[in-house]
Amino acid sequence: MKGGVGISGEERREGWMWLLAMVLISPCLVLIDHGHFQFNCISLGLTLGAIAGVLSRNELVAAALFTLAINHKQMSLYFAPAFFSHLLGKCLKRKYPVVEVMKLAFMVLGTFALVWWPFLHSYEAALQVISRLAPFERGIYEDYVANFWCSTSVFIKWKMLFAMKPLKLMSLSATILAFLPSFVQQVKSPSNLGFLYSLMNSSFSFYLFSFQVHEKSILLPLLPASLLALKEPQMYGWFVYFALFSMYPLICRDQLLLQYIAVLGLFFLIYYSPGGSHGKRLKISCGAKVVLSLPFICSLLLHITYLQIEPPKRYPFLFDALIVSVSFSQFVILTLYTNYKQWMLDTHSRSIGVKKDL
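The sequence shown finishes on residue 358 if you use UniProt numbering, and the numbering steps up by one all the way, no holes.
In case anyone wonders, no lab produced these hints; they're calculated from the structure.
Mixed in with the good hints there might be a few duds.
[To be verified] Lysine to any residue pairs mimicking SDA-like chemistry, simulated, CA-CA at most 25 Å apart:
| hint | residue 1 | residue 2 |
| --- | --- | --- |
| 1 | K216 | A52 |
| 2 | K313 | E142 |
| 3 | K231 | S189 |
| 4 | K93 | K341 |
| 5 | K289 | I304 |
| 6 | K95 | N58 |
| 7 | K216 | Q255 |
| 8 | K341 | L292 |
| 9 | K231 | K341 |
| 10 | K165 | D143 |
| 11 | K341 | R57 |
| 12 | K289 | Y337 |
| 13 | K95 | L109 |
| 14 | K93 | K188 |
| 15 | K188 | V101 |
| 16 | K95 | S56 |
| 17 | K341 | L20 |
| 18 | K216 | F317 |
| 19 | K188 | L48 |
| 20 | K188 | F84 |
| 21 | K93 | G53 |
| 22 | K216 | C252 |
| 23 | K341 | W238 |
| 24 | K216 | L172 |
| 25 | K159 | P311 |
| 26 | K313 | T152 |
| 27 | K231 | L55 |
| 28 | K157 | K216 |
| 29 | K231 | V290 |
| 30 | K216 | V30 |
| 31 | K341 | V23 |
| 32 | K216 | F296 |
[To be verified] For each label pair, taking beta carbons as the anchor points, the in silico distance ranges come out as:
| hint | residue 1 | residue 2 | range |
| --- | --- | --- | --- |
| 33 | S189 | Q308 | 48 to 54 Å |
| 34 | I261 | Y96 | 54 to 60 Å |
| 35 | V291 | P311 | 25 to 31 Å |
| 36 | L20 | K313 | 44 to 50 Å |
| 37 | K168 | R12 | 47 to 53 Å |
| 38 | D346 | R13 | 28 to 34 Å |
| 39 | F268 | E142 | 28 to 34 Å |
| 40 | R13 | L301 | 39 to 45 Å |
By construction, the Cβ of each residue, glycine as well, lies at the ideal position given by its N, Cα and C atoms.
Generate coordinates for the entire structure from the input sequences, incorporating the hints supplied.
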């Protein structure tokens, strides 16, 4: 995350200002919180504070803030494997690892006890809160969302073929398998940059494979992605566009099309500003550029088709399914890429170590 050799202080300052703008003008967050009126900024803000605590080595503060984020919105658990693996990896490398782990555990338990104290007066009150945290009765997915279960339901009728219990087990297993590589890497080699990649990989795993995912859940992997925008500007711009596109049917139902166009336009206006980091372009072949442009062209066509053409009566949600399928394909590519980048950090560290030995 540090500036490279030959970068002036002015350029570095412009880069950080650009990053701040990217974090603040998150189109998906603006539309969901202030258009769809499902407020996520509090839990995301607490999570951001927890991330800052980890990066600044204030782990106890980070543990308390992340616990508060979980209690505000249980979706914050999407980040739990990343926090747990990174902090555990750090503790294992210290002089008294057991003591370090116990300190974090006491902070988490103490914060939970403080938040839950008003509900612990009766078993029924606590159970009512817990039932709201795990809405299994709604099924594995409720609306059209760009994750594995919804996107593949076109070919595999999960709700018809499987009962609730095996679906929950399949979802849990797939989610764990998806975040496990990132989890292992952070326990093995914890680092600040690796932690940010791990946050994105962990939250993506839950978004793609967990039970009862909402369209707005894409806000969670977007948070660490925004913090990686200086490092991965092209990845971030691509992700923001398809994250917003994945919510397009929801935006249209809420009659927020004008706001959708406005915030997307404002985002890319700032994204391509002269002081931005979008100029760090990946070196890819012409063939790869053509392949990458295909989903973008499909998304543009679907934007128009969704509004102008009536779907067949037999398939009233045909365009919704196409939108989530295109978005899902891009999210899979992105999570494979960020997992690869996280594991390559180990290789990079080893190569630096070899050079130092020489």
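Query raised in the report: Which hints, by number, does the structure contradict?
Result: none
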